[in-house]
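Enquirer: Protein chains in written order, with this note's numbering: chain A, 767 to 1041; chain B, -16 to 293.
These are calculated hints, taken from the structure and not from any lab test.
Watch out, some of these pointers could steer you wrong.
[What the hints assert, rightly or not] Which bits of chain A does chain B cover? Going by a derived footprint, with three or more residues having C-beta under 8 Å, they are:
| # | segment |
| --- | --- |
| 1 | 837 to 847 |
| 2 | 974 to 986 |
| 3 | 1013 to 1027 |
[As the list claims (entries may be wrong)] Partial selection, computed: residues in chain B whose CB lies under 10 Å from chain A:
| # | residue |
| --- | --- |
| 4 | Arg19 |
| 5 | Val35 |
| 6 | Val37 |
| 7 | Met41 |
| 8 | Pro45 |
| 9 | Val109 |
| 10 | Leu112 |
| 11 | Val115 |
| 12 | Val118 |
| 13 | Thr218 |
| 14 | Ala225 |
| 15 | Ile232 |
| 16 | Leu249 |
| 17 | Ala263 |
| 18 | Ala267 |
All C-beta atoms, glycine included, are put in the ideal place defined by N, C-alpha and C.
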Amino acid sequence: MLVFWAAAWRTNVWLANSAYAGMMVVRIAVPVLFGITILVIWECLVRGFGVSQVILPPPSQVMVVFAQSTDLLWVDFVQTVVKGALRGFLMGAAAAFVAALLIDRSAFLTRGLLPIGNFVAALPIVGVAPILVNWFGFDWHSKAAVVVVMVFFPILVNTVQGLRATDAMQRDLMRTYAAGYFQTLLKLRIPAALPFIFNGLKIATTLALIGAIVAEYFGSPTRGMGFRISTGVGSLSIDLVWAEIFVSALVGSAFYGVVAWIEKRVTFWHPSQRG
Amino acid sequence: MRNLLPILTVLAAIVGIWWLAVAPMNVRPALDIAERGGAVVVPEGSVERRDVSVFKLMLDNPSLVAAGYDLKRPRLPTPAQVGEELWKTTGAMVAKGRAWSKRSLIYHAWVTLQSTLWGFVLGTTVGILGAVAIVYSRVVDMSVMPWAIISQTVPIVALAPMIIVVSNQVGIEGRGVPKAIISAYLCFFPVLVSMVKGLRSPTGEQLDLLKTYNTSGVQSFLKLRLPASVPYLFTALKVGIAAALVGTIVGELPTGAISGLGARILIGDQFGTPLAIWSALICAAVLAGLLVTLIDITQRVTLRKMGFHG
């Protein structure tokens, strides 16, 4: 095991310092090799020390369970991610966007709401999960509600900040074109706000998954990732829990990746994307 | 302080909306209780009322709406009720000299605060050391940085029960350690990213100047890179401490903890006492505000002493 570790590390050192370090293939290969090393070490440690499966199953077994129970995992995925997190994310983002446009019309409200929004965005909002489950019942509605509340403030704050990102010169230019409020908004201010909005959306992707999963700990129909994890820990089917964690990691990264990809396509003109 | 008036206005508006929302939220249980007490309710029977909208119920029974503001177990408590509950579990307990009793929110906030601070210290240390390694070693940069980003897209709550199971089996007593690990997990990332930025913020000219002074690597780190990164560090610490608090409460929520603010929320849910949930939530908000303000003040004082303008 140590030999493998040393060899992998040497390869990475060589790759990173070699002339190819700038190439795309190497940029992907180095972290992948690092990840594989960690998995191999995990596998060897668990097998080498004979750690009980009830505590920490080896990654190979997690993959076997993952492959065997794809049906079950798919049902959970649909319940938690598609029904709860995604719907809540879309509703929350839309609500935050509309609210930001309304607040932006009043400088007074903007001044008052930015500090409060910033503060609320830092609060442990997951705590409202039991209250909302109580209000909206056990099915996906309550999960979507928790997600809406969690993603609302980060997106709101970022959008309001983004709408203020244009400077007076640019707005004056629009005035000389005789552009009205909506034309200025559509052609100048929203495009200028996009990098900020996407920043908020990216923060919200992780929050959406956290919200949907935590809400399921407080009551859910007999499916869903949070439900499976909490019952899995109770019934000692730890390998299934790890498979579920693997799914959530995959979904979280994919969700983030999709939003980042859209950002790249939509804000290709921004300096941060041209680098 | 130019923002004080707008902030107070927005706060007043929020409390106002909250107060108004209490009537429609609580009208059904209020009518049920009133009917059991012998009052005449239109339409009769809670089953009949299930399909009637809450606003029609309020119009039909105007004299009973006020009862919704004084329920024992409201669906949505009024701001006054939450305030009263908060006072009962903090100020009044102190006045009686029982600030550390298990029913006092001060005790639970203290439990949460401890884990938060441990997680914060752990996360910050990992973040800073990681940033130093990333800045000085290309290999670490290329292999660790992508995983640090991926680690934050994994919903930590999925991992939380596992961290608790594993640390229990390894023989770590109590819930403090796993909670601290979870909050460190959320806390290290902002620190790592900002410190990498901060340590790289000195310009080439500044680094060259130090070279002409014949400084060693350690010296240029201590005299230039580290001081230059301090403003970045403080910005990250403010995000980090809030994240650490979120981590601790998430660590307390799904795991059957018995003390801490997250546990109060959990227990309030299980025993159907919404007032306990709401007061614990407000208490967590106050705690977050205090911690962030504390770091903000430290930041101002430190930066002024170090000669940063702004």
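Enquirer: Against this structure, judge whether each hint is valid.
Expert: Here is how each hint holds up against the structure:
1. Coverage of the segment 837 to 847 of chain A by chain B is violated. Counting CB-CB distances below 8 Å, 0 residues qualify, and the rule asks for three or more.
2. With 6 residues carrying a beta carbon less than 8 Å from a beta carbon of chain B, the segment 974 to 986 of chain A meets the three-residue requirement, and the given coverage holds.
3. With 6 residues having a beta carbon nearer than 8 Å to a beta carbon of chain B, the segment 1013 to 1027 of chain A meets the requirement of three or more and the stated coverage holds.
4. With its C-beta approaching chain A no nearer than about 21 Å, Arg19/B sits outside the 10 Å limit, and its interface hint is violated.
5. For Val35/B, the interface hint is violated, since its Cβ never comes within 10 Å of a Cβ in chain A; the closest pair sits about 18 Å apart.
6. The interface hint given for Val37/B is broken, as the beta carbon of that residue sits about 12 Å from the closest beta carbon of chain A, more than 10 Å.
7. For Met41/B, the interface hint is violated, since its Cβ never comes within 10 Å of a Cβ in chain A; the closest pair sits about 18 Å apart.
8. The restraint placing Pro45/B at the interface with chain A is violated, with a minimum CB-CB distance near 24 Å, outside the 10 Å limit.
9. Of the supplied interface hints, the one on Val109/B is violated, with its beta-carbon coming no nearer than about 16 Å to a beta-carbon of chain A, more than 10 Å.
10. The interface hint given for Leu112/B is violated, since its Cβ lies 17 Å from the closest Cβ of chain A, which is over the 10 Å cut-off.
11. About 17 Å separates the beta-carbon of Val115/B from the nearest beta-carbon of chain A, more than 10 Å, and the hint is not met.
12. About 14 Å separates the beta-carbon of Val118/B from the nearest beta-carbon of chain A, more than 10 Å, and the hint is not met.
13. Because the smallest distance between the Cβ of Thr218/B and any Cβ of chain A comes to about 13 Å, over 10 Å, the interface hint for this residue is violated.
14. For Ala225/B, the suggested interface contact is upheld, since its CB lies about 4 Å from the closest CB of chain A, less than 10 Å.
15. The beta carbon of Ile232/B is positioned within 10 Å of a beta carbon in chain A (closest approach about 4 Å), and the interface hint is therefore held.
16. Among the interface hints, the one on Leu249/B holds; its C-beta lies about 7 Å from the nearest C-beta in chain A, closer than the 10 Å criterion.
17. Nearest Cβ of chain A to the Cβ of Ala263/B: about 7 Å, under the 10 Å cut. The hint holds.
18. Against a cut-off of 10 Å between C-beta atoms, the interface hint on Ala267/B holds, since the closest Cβ of chain A lies about 5 Å away.
Checked against the numbered hints given earlier, this structure breaks hints 1, 4, 5, 6, 7, 8, 9, 10, 11, 12 and 13; the rest are met.
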